[in-house]
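Peer 1: When the letters of the sequence shown are read in order and numbered with mature numbering (1 follows the signal peptide of the UniProt record, and there is no 0), they come out as residues -20 to -1, 1 to 355.
It is possible that part of the hints are untrue.
Pairwise CB distance ranges (calculated) [unchecked claim]: (1) Thr275 / Asp133: 48 to 58 Å; (2) Asn117 / Thr201: 25 to 35 Å; (3) Thr212 / Glu307: 16 to 26 Å; (4) Thr230 / Ala330: 55 to 65 Å; (5) Glu307 / Thr238: 12 to 22 Å; (6) Pro108 / Glu307: 22 to 32 Å; (7) Arg242 / Pro77: 36 to 46 Å.
If you are wondering where the hints come from, they were derived from the structure by calculation, not from laboratory data.
Note that the structure is a prediction, hence the values are computed from the model and not measured.
We treat Cβ as the ideally placed atom computed from N, Cα and C, and that holds for glycine.
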Amino acid sequence: MPRRSWSRPVLAAAVTPVVAAALAVSAFVSPTAAVAESAGAPGASAVRSPVSPVSHVTTAASAETAGTATGDVAWTVRTVDNANGSGRPNFTYDVDPGAVIDDALLVTNTGTVPLDLAVYAADTFTTPTGDIDILQNAADSVDAGAWIAPGSDTVHLEPGAAAEVPFRIDVPADARPGDHSAGLVTALAETGAGTGTIAVERRLGSRLHLRVSGELVPAATVTDVRTSFNGTWNPFGTGTLVVDYRLSNTGNTRVTATEAARIAGPFGILAVSAADVQLPEVLPGSTIEVHREITGVPVLGWITGALTVAPEGVGLGAGALDVSTIEVGQAAVPWTFLALAVVIAGLVVAIVLVVRKRRGVARGAVDGTESASAA
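Modelling step: build the complete structure from the supplied sequences, incorporating the hints.
Peer 2: Below is the structure:
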């Protein structure tokens, strides 16, 4: 493939309208990209140095390296130590609109066969299960993935060799304030035996975060709340309260949230407090689906309580967003009582039917006697 030019057009910033919500993910064999992630400090100011082609080096991978290995094929990626920072777990920048950033990704062939890897960038999003994923088709990128141009579309590595892959980020002059995320990916396409067609594409890369200066507006909403109760046959036992809801990032910064729950029987008796749960990071425009099971809830006929979701903007600290409270009012009846109620209801129906039948028989007998007397 031809080398990409730094003069490609700058695309206006926008949020990919994906509906979605394990921040750290490793490489895996799948049509979907795997993106290496770990929380890190913002990078230093942008460096406007000339961009060179891929340069081969012999530096070994560090503890922050993400890698993939299958058979004789194995490689790792990591950030390069330079003026933007050292020992970085991922690429993180605080920038102004119109900024230009030059950086590099270190790719190392740790396998025993030569590798020809494709290199590209694409937008990332949060899936409904809370994983961070990357668009399968880089051409669909309309946010940070469209701002990134690798110095080369491919990199060739002999066994044991490493290469720095430079890339440039052109932040649009009209980029919206807030967080923009992408993944810088290396990919290996493998063909099926004797078919010549791509059977699987393995991807390995690193997340890239940009926070564009301007007004930061963290925001999150809780919707589609559903509750149910899984009881027990033991009338003196406990059950499980199940709560499902959707958490959407409707602001312009990355958000996460802490969830807490307290459930009790009538008049607040036998209260149960569940341990706090840290929810995954949600990128702007994404939605996660949360499933929570609260065990040890007393089976007292009716339970009440509240589940609170306290969101916060990543890097902004707690208290910036309003807490969402999910009020719970749910029937909690032991299955034995329900079974007994069904049996009792069945008996009542049977008795009513028998009584009606007997009355009908008796009425028929009386009518027959009266007819005989009249004759």
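Peer 1: Please list, smallest to largest, the hint numbers that this structure does not respect.
Peer 2: When the structure is compared with the hints, none of them turns out to be violated.
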